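Student: Dock chain P against chain D, hints included.
For the protein sequence lines, the chains are D and P, in the order given.
Okay, so the first sequence: first residue is 3 according to our numbering, each after it adds one.
Okay, so the second sequence: first residue is 3 according to our numbering, each after it adds one.
Source of the hints: derived by calculation from the structure; they are not laboratory data.
Please note: incorrect hints may appear among the correct ones.
Derived lysine to aspartate or glutamate pairs resembling EDC-like cross-links, with alpha carbons at most 20 angstroms apart [as the list claims (entries may be wrong)]:
#, chain 1, residue 1, chain 2, residue 2
1, P, Lys87, P, Glu63
2, P, Lys276, D, Glu197
3, P, Lys160, D, Glu197
4, P, Lys221, P, Glu258
5, D, Lys221, D, Glu73
6, D, Lys128, D, Asp110
7, P, Lys60, P, Asp110
8, D, Lys266, D, Glu205
9, P, Lys266, P, Glu205
10, D, Lys276, P, Asp51
11, D, Lys160, P, Glu197
12, D, Lys221, D, Asp268
In this text the structure is predicted, and so the values were computed from the model without any measurement.
There are 2 protein chains.
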Amino acid sequence: MTTIGLINPGQMGASVGAAATHSDATVLWASEGRSDATRERAERGGLTDAGTLGQLVKDAEIILSVCPPSEATTVASTVIRHGFKGLYLEGNAIAPGRTHEINTMLADAGAEMVDGGIIGGPAWRKEAGTVLHVSGPSASTIVDLFAGSPLHLNIISKDIGAASTLKMAFAAYTKGSTALLSAILALAEIAGVREHLAHQWGETFSTETARRVSANTAKAWRFVGEMEEIAATFEGAGLPGGFHQAAAEVFRRQAEFKDQPTPKLDAVLTAMNKDN
Amino acid sequence: MTTIGLINPGQMGASVGAAATHSDATVLWASEGRSDATRERAERGGLTDAGTLGQLVKDAEIILSVCPPSEATTVASTVIRHGFKGLYLEGNAIAPGRTHEINTMLADAGAEMVDGGIIGGPAWRKEAGTVLHVSGPSASTIVDLFAGSPLHLNIISKDIGAASTLKMAFAAYTKGSTALLSAILALAEIAGVREHLAHQWGETFSTETARRVSANTAKAWRFVGEMEEIAATFEGAGLPGGFHQAAAEVFRRQAEFKDQPTPKLDAVLTAMNKDN
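Isolated chain D, as found in the complex (with noise of 0.2 angstroms):
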């Protein structure tokens, strides 16, 4: 039987942590310093819990890191600290320039990586459609951990970044023209033509549009570091940043809106505006 380390169960992490134990595993989780929100969710998940980080480390044959993108490379290096000599899933939002960093301290370190790419929602239900992209000489191993498991898996190649780069341009759309479209309706409010923007959209297009701006503000906080990870994928290729630079200034202004109800558009477009 596999143990497998999950780091951290977050939103998404604990339902990937749940997807893992389909196979039998056992997915530790390590509660020291993690809130009640968290527990709860590893609960959720099926999780066990092994304490510390470092009991966890020492245990578990594979670890999953699930976190928020400016915290991927901190969790490569406090695992490696911790002797892991294993193989590791980096599941995480980051662009395959760092993707190839944490590659490069696993392998020094005598620990195996697998690059991975995660498209979709929390992945509690097969129904959500949710894709665990996989690349990398191992991504075999890693595909077989979920067999059964909500969470669908795709392998790319045996490149260490493709699942990054693929997550990356997903994302880049997604995320990307919700951004656009924010700081269009904010430049539109600004300037007073707000209502003929609407007009000449067409009321379908509008709607879902100032549905859609509302929507994604609770959120926009942790959009940030995305999308800054996505301005120096499009950059590493020789390709311009600036629509993500651009985005990820977008998500900045929405900040304040972080775990809120979903506002009305008009409270995000004055948050958005600078002179305010």
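Tutor: Here is chain P on its own, set in the frame of chain D:
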């Protein structure tokens, strides 16, 4: 009977000039130094050749400026140099800051400006749905010119700059999202994950996106300036200009497809790869 001067009978301009003939006005154009293709469009539109720009300015009570954004200021200063004192429609895709500058130039010379923004394709038929949005104290005079014509008119406000901003805000999404999708496809191609991205997007969205990116390339060269104007519009309102600075760069890399038949997507993505 009103005499109107049109500068210039391009793809859009010729249709706007033709629309102005519906009110029984004489619509002048100036053939000096223009191409055969321009003459054909002017004749199709029922325009009258004034010969030189100087003669056109002398005879016209109203001038309509419909030209590439990079030429808007030059057109206005040329008209002023020829002594124009009438009503000037600034109908170009320019940032409101430039609209205000041109307005000041015209006012100082004893002429009056109406701000205009055209949304849609050439307005040969009413069904095209092309709208000329206008703003400024004398906007209604422009509306009267196009009564019964295929061009739809919409008065936004008495504020110079409002029509320009509306045009910028609208094009920011139509053209900006096409540029973003172009860059994403180029990224996926460079990283070797284009097939996986297409699969994740689904067939409908992938096919439509490929069609849209390819079909846009023939016009990309002339969207560069417009994207720069949109970036300036965002920055002038205290919002990030990066989306459209990046879009300008994307279209710059597609400039080689100017007026060409629609290329295959592979050729477009090759052109966008700076390393090729």
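Student: Now tell me, hint by hint, if it's right for this structure.
Tutor: Here is what the structure says about each hint:
no.	hint	in the structure
1	P/Lys87 to P/Glu63	holds (8 angstroms)
2	P/Lys276 to D/Glu197	violated (41 angstroms)
3	P/Lys160 to D/Glu197	holds (15 angstroms)
4	P/Lys221 to P/Glu258	holds (10 angstroms)
5	D/Lys221 to D/Glu73	holds (17 angstroms)
6	D/Lys128 to D/Asp110	violated (37 angstroms)
7	P/Lys60 to P/Asp110	holds (18 angstroms)
8	D/Lys266 to D/Glu205	holds (17 angstroms)
9	P/Lys266 to P/Glu205	holds (17 angstroms)
10	D/Lys276 to P/Asp51	violated (50 angstroms)
11	D/Lys160 to P/Glu197	holds (15 angstroms)
12	D/Lys221 to D/Asp268	holds (18 angstroms)
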